[in-house]
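Participant: Take the two lone chains, each set in its own frame, and fit them into one complex as the hints suggest.
Which chain is which? The protein sequence lines are A and B, in order. Taking the numbering used here, I'd label the letters of the first sequence as residues 748 to 844. Taking the numbering used here, I'd label the letters of the second sequence as residues 67 to 449.
Careful, some of the hints might be misleading.
To be verified - Short derived list, chain B residues pointing at chain A, Cβ under 8 Å:
(1) Gly161
(2) His268
(3) Leu273
(4) Thr274
(5) Trp278
(6) Glu281
(7) Phe282
(8) Arg283
(9) Arg311
Stated by the list, open to error - Below are the SDA-like pairs computed for lysine to any residue, each with C-alpha atoms no more than 20 Å apart in a straight line:
(10) A:Lys801 / B:Thr269
(11) B:Lys397 / B:Arg437
(12) B:Lys216 / B:Pro255
(13) B:Lys216 / B:Asp266
(14) A:Lys754 / B:Asp266
(15) A:Lys754 / B:Phe282
(16) B:Lys375 / B:Leu442
(17) A:Lys841 / A:Asn783
(18) A:Lys823 / A:Ser780
(19) B:Lys285 / A:Glu762
(20) B:Lys259 / A:Leu760
(21) B:Lys350 / B:Pro438
(22) A:Lys759 / B:Leu273
(23) A:Lys754 / B:Pro255
(24) A:Lys754 / B:Lys216
(25) A:Lys754 / B:Glu281
(26) A:Lys834 / A:Val816
(27) A:Lys835 / A:Asp809
(28) B:Lys220 / A:Lys801
Source of the hints: derived by calculation from the structure; they are not laboratory data. Just so you know, even glycine gets a beta-carbon here, dropped at the ideal spot from N, CA and C.
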Amino acid sequence: MAKNRTKIEFQKLSELPPMVQSLRSMAANPTGSWRNLKPVLHKENCIQCTICWKFCPDAAIDWVDDYPVINLDFCKGCGICAEECPKKCIEMVKEGK
Amino acid sequence: MKKVIMGNHAISYGATLSRVQVIAAYPITPQTQVVELLSEIVADQKLKAEFIKVESEHSAMAACIGASSAGARAFTATSAQGLALMHELLHWAAGARLPIVMADINRAMAPPWTIWTDQNDSLSQRDTGWMQFYCQSNQEVLDSVIMAYKVAEKVLMPVMIVLDAFSLSHTYETVDVPDQALVDKYLPPLDYKYRLDVNDPHTYGGLTTPDWYMEFRIKMHEAMDQALVEIKKDAAEFEKVFGRRYDPVEPYMVDDADIVLVTSGTAASTARFAVDQMRKKGKKVGNLRMRLLRPFPFADVREHLKNAKKVVVIDRDISYGYHGIWAQEVKSALYGHSKVPVFNYIAGLGGRDIFPETIMNIVADVKKMKRPEQDLYWVEVKK
Ligand code: SF4
Ligand code: SF4
Numbered sequence: 748m749a750k751n752r753t754k755i756e757f758q759k760l761s762e763l764p765p766m767v768q769s770l771r772s773m774a775a776n777p778t779g780s781w782r783n784l785k786p787v788l789h790k791e792n793c794i795q796c797t798i799c800w801k802f803c804p805d806a807a808i809d810w811v812d813d814y815p816v817i818n819l820d821f822c823k824g825c826g827i828c829a830e831e832c833p834k835k836c837i838e839m840v841k842e843g844k
Numbered sequence: 067m068k069k070v071i072m073g074n075h076a077i078s079y080g081a082t083l084s085r086v087q088v089i090a091a092y093p094i095t096p097q098t099q100v101v102e103l104l105s106e107i108v109a110d111q112k113l114k115a116e117f118i119k120v121e122s123e124h125s126a127m128a129a130c131i132g133a134s135s136a137g138a139r140a141f142t143a144t145s146a147q148g149l150a151l152m153h154e155l156l157h158w159a160a161g162a163r164l165p166i167v168m169a170d171i172n173r174a175m176a177p178p179w180t181i182w183t184d185q186n187d188s189l190s191q192r193d194t195g196w197m198q199f200y201c202q203s204n205q206e207v208l209d210s211v212i213m214a215y216k217v218a219e220k221v222l223m224p225v226m227i228v229l230d231a232f233s234l235s236h237t238y239e240t241v242d243v244p245d246q247a248l249v250d251k252y253l254p255p256l257d258y259k260y261r262l263d264v265n266d267p268h269t270y271g272g273l274t275t276p277d278w279y280m281e282f283r284i285k286m287h288e289a290m291d292q293a294l295v296e297i298k299k300d301a302a303e304f305e306k307v308f309g310r311r312y313d314p315v316e317p318y319m320v321d322d323a324d325i326v327l328v329t330s331g332t333a334a335s336t337a338r339f340a341v342d343q344m345r346k347k348g349k350k351v352g353n354l355r356m357r358l359l360r361p362f363p364f365a366d367v368r369e370h371l372k373n374a375k376k377v378v379v380i381d382r383d384i385s386y387g388y389h390g391i392w393a394q395e396v397k398s399a400l401y402g403h404s405k406v407p408v409f410n411y412i413a414g415l416g417g418r419d420i421f422p423e424t425i426m427n428i429v430a431d432v433k434k435m436k437r438p439e440q441d442l443y444w445v446e447v448k449k
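Same shape as in the complex, but just chain B (with noise of 0.2 Å):
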């Protein structure tokens, strides 16, 4: 059924249509209308699944992680400083194999005190074991959270949806909604091979000397190898029964273009929009939006750039004292496999609108140059 919704509540109707049985939130500031409505939904009766509001989003990870080992299908959302608060049990998820599903709203980190959107909230939790989705609309939100527990159970690793703050999660876009019954035949219920059981008590995550620690890790870093190809078949499988397909990386333009742009979330629509624009010029312009950040798909980035003479990475984040999150992970893809120039740009920081305009003007600077001159360029700063 189509209905028009805002990406918080893509997200919350894609967890219902998961059948998620354990929802653990904390309820203020910086949560989100997501947990909102499926707390609605489970007072109605519609989910039959346990609400548990806790006090702060480190419990809100060790309540899914609770139920996740216990078998159930475990769900949470937050959103900027919630998550960085999660951070050390983000990595006890992943260590311990669960296939937690989370959303998170990008918001940049305070302070200065904020609650817009930019990325360096999730990209700071990059090494953690967490699959990462970057969402472009409210549709890819709510099918990318059934698509998450399809792989996450399948390589036993959690997954992070993540969506621009405002420009998606408070955007009102008309999503499909699929059936209740279309979902279920894609996404049967979770058999939890290794959960806790009264009848078969074991300690879960205890020492472990040098003798085995880094065989767990090779483990961990195989389960992201899978998923990456579980992720390939399974865009297929999901377009024969709902229609869309959503791969690792999105080329758009890209077969003939001089310049490639590299973006995510929406400033990737944006790009493809500006693209366009460029395109009626004369202009090789096309755009390689990345959807996945963990796994990272290096041969499907190393494909898609190996026609461009020059390479342009937007990035809604930073690594102080180095460059751009995203231009790393490109560089460090192409290093070695092609000589191409990559160009870095720090757009939209802490909400600050990304418009066709500014990306027509990036491409025009980089127009200018044959190499870059500099390893970031800042975008429409006050001087």
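The shape of chain A in the complex, shown without the other chains (with noise of 0.2 Å):
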């Protein structure tokens, strides 16, 4: 899902921008194992409003066909998109159950 996870690494100080810039840090480093619930989209009811997918703070929510999905490797299970979904088609479940 996310297309390039390789970090960008630098040899030499010469190397750097002034400011760090697109280091692909944070998709080299995947962080949804931090996540107590994990937000089941039931795609049925959906109606592609585009909400949950503006609201995640993660931008853990990927725009594909027209409809939203989740990436589970860095989604935090904060909630937020089943909350603000006119629809309730995003169900909160225990993870590992």
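Facilitator: Shown next, in the form of structure tokens:
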């Protein structure tokens, strides 16, 4: 899903830009294991409104073929998408179940 | 064109002449007339800029960071508590290497509530990565805004222009407002290489591991070192174009002086006046005015204090449980280079006036001592 997960590595001080720019350090560092609750999408009720996609504070929802797809490599299980979804078609399920 | 204007408006003219493109400001106390006049200039379409009214100083700096990241020349102004509220984002602006310029009108920190001058607000931001230029006249204030963009955009570090509340901010002085054409020649439009670009998307400021964090800090430090070089070079260039010169420090009769005062802001011009009076009586006193806090001009300070038998730092600020902040800087510059005793006097906090007599009394006091007997001396305080 995440296209390029290779972190940019610098060899020398002179290669560094003045500020951190697209290091891909987050993409290379999956943080989904922090989650207690997992969002599960019930696609049949989804009206494709993009609200969950906009609200996810971790940008862990991708938009694929006109539907949201939750990227569990990064989703923290905060439940904001479920809370904001107007059709309540995202369910928060306990991890490990 | 010569105009009689207050310090606040000198900033507004400086920003206008610098053709700033985004001004973000919180419009209520502790704001000053700086952005009031700017908002009128923008409303009258005399400056093509976006004026963003925000709900706090924190947001003002956030808006400047956004604007600057997009490649716009960004400006804001604040004071005291407002500057303190920006603190987090001052680090962000510098760390993101954004050439933002801001004016800070030096007001004492509350509580107790106050509106008068001292330097604790700006000096508290010493380690945020902002350059700080301390001004002593309205002319210097206007010129400094223009110079600030020049150096900021060269080394990609932000600059704070600092001026005393009331003694400059609300005091009217004759100021030569330079022609726009001259300023345009001196300060070309900003071409920010790292700007946000929808056609070349990037994330900024992302997670950086211990592998590389330090190297980004080295880069910032090197940029500051480079800034000092640029500021010195630019002093000559600015003088060529505008006929006025601003060096990192301004020595006055220091070469043969036994006692050299170290001052900043408007206290410096008062000190020079006092030096003149004392010289008439044959006292060998000089003054070193500090214009730069950061980058700190170590070499200039050492050079101009090398003949002094006593150095007297007058601080309009205090680091509680320590002593004056400028005294700390000066002592650190001299350590290992000179054995000259450094006396520290704390004066004029919360806008208490510093008169020529105040300074002459300090000198008389210093004359009585071989070395400082205390870490600091309070000036003209109730017993
Ligand atoms: S649970 Fe939170 S982190 Fe996970 S997809 Fe929903 S909004 Fe994003
Ligand atoms: S908020 Fe709910 S309805 Fe809207 S796109 Fe997301 S899942 Fe579908």
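Participant: Against this structure, judge whether each hint is valid.
Facilitator: Quick rundown of the hints versus the structure:
1. Interface hint status for glycine 161 (chain B): upheld, as the beta-carbon distance to the closest one in chain A is roughly 7 Å, under 8 Å.
2. For histidine 268 (chain B), the shortest C-beta to C-beta distance to chain A is roughly 4 Å, which falls under 8 Å, so the interface hint holds.
3. Hint on leucine 273 (chain B) holds. Least Cβ distance to chain A is approximately 4 Å, under the 8 Å limit.
4. At its closest, the beta carbon of threonine 274 (chain B) sits 5 Å from a beta carbon of chain A; the interface hint therefore holds under the 8 Å criterion.
5. This hint holds: tryptophan 278 (chain B) has a C-beta 6 Å from the nearest C-beta of chain A, less than the 8 Å allowed.
6. Interface hint status for glutamate 281 (chain B): upheld, as the beta-carbon distance to the closest one in chain A is roughly 5 Å, under 8 Å.
7. The beta carbon of phenylalanine 282 (chain B) is positioned within 8 Å of a beta carbon in chain A (closest approach about 6 Å), and the interface hint is therefore held.
8. This hint is violated: arginine 283 (chain B) has a C-beta 11 Å from the nearest C-beta of chain A, more than the 8 Å allowed.
9. Interface restraint check for arginine 311 (chain B): the shortest CB-CB distance to chain A comes to about 30 Å, outside 8 Å, so the restraint is violated.
10. For a cut-off of 20 Å, the pair hint linking lysine 801 (chain A) to threonine 269 (chain B) stands: about 17 Å separates their Cα positions.
11. Using a Cα cut-off of 20 Å, the hinted pair lysine 397 (chain B) and arginine 437 (chain B) holds, with the two alpha carbons roughly 14 Å apart.
12. For the given pair, lysine 216 (chain B) sits about 10 Å from proline 255 (chain B) by alpha-carbon distance, which is consistent with the 20 Å threshold.
13. Between lysine 216 (chain B) and aspartate 266 (chain B) the alpha-carbon distance is near 27 Å, which puts this suggested pair outside the 20 Å criterion.
14. For a cut-off of 20 Å, the pair hint linking lysine 754 (chain A) to aspartate 266 (chain B) stands: about 18 Å separates their Cα positions.
15. For the given pair, lysine 754 (chain A) sits about 17 Å from phenylalanine 282 (chain B) by alpha-carbon distance, which is consistent with the 20 Å threshold.
16. With a CA separation close to 18 Å, the supplied pair lysine 375 (chain B) and leucine 442 (chain B) stays within the 20 Å bound.
17. For the suggested pair lysine 841 (chain A) and asparagine 783 (chain A), the alpha carbons sit about 6 Å apart, so the restraint of at most 20 Å is met.
18. For the hint pairing lysine 823 (chain A) with serine 780 (chain A), the CA-to-CA distance comes to about 8 Å; that is within 20 Å, so the pair holds.
19. Our distance criterion of 20 Å between C-alpha atoms is met by lysine 285 (chain B) and glutamate 762 (chain A), whose separation comes to about 11 Å.
20. This hinted pair checks out: lysine 259 (chain B) and leucine 760 (chain A) have alpha carbons roughly 19 Å apart, not beyond 20 Å.
21. A hinted pair counts as satisfied when its Cα atoms are at most 20 Å apart, and lysine 350 (chain B) with proline 438 (chain B) qualifies at roughly 19 Å.
22. This hinted pair checks out: lysine 759 (chain A) and leucine 273 (chain B) have alpha carbons roughly 19 Å apart, not beyond 20 Å.
23. Between the alpha carbons of lysine 754 (chain A) and proline 255 (chain B) the distance comes to roughly 35 Å, so the proposed pair goes past 20 Å and is violated.
24. A C-alpha spacing of about 35 Å is found between lysine 754 (chain A) and lysine 216 (chain B), which places the hinted pair above 20 Å, so the restraint is violated.
25. Between lysine 754 (chain A) and glutamate 281 (chain B) the CA atoms are separated by roughly 17 Å; this keeps the pair inside 20 Å, and the hint holds.
26. Our distance criterion of 20 Å between C-alpha atoms is met by lysine 834 (chain A) and valine 816 (chain A), whose separation comes to about 16 Å.
27. With a C-alpha separation of about 18 Å, the suggested pairing of lysine 835 (chain A) with aspartate 809 (chain A) holds against the 20 Å cut-off.
28. Proximity of lysine 220 (chain B) to lysine 801 (chain A) is assessed by CA-CA distance (about 37 Å); at most 20 Å being required, the pair is judged violated.
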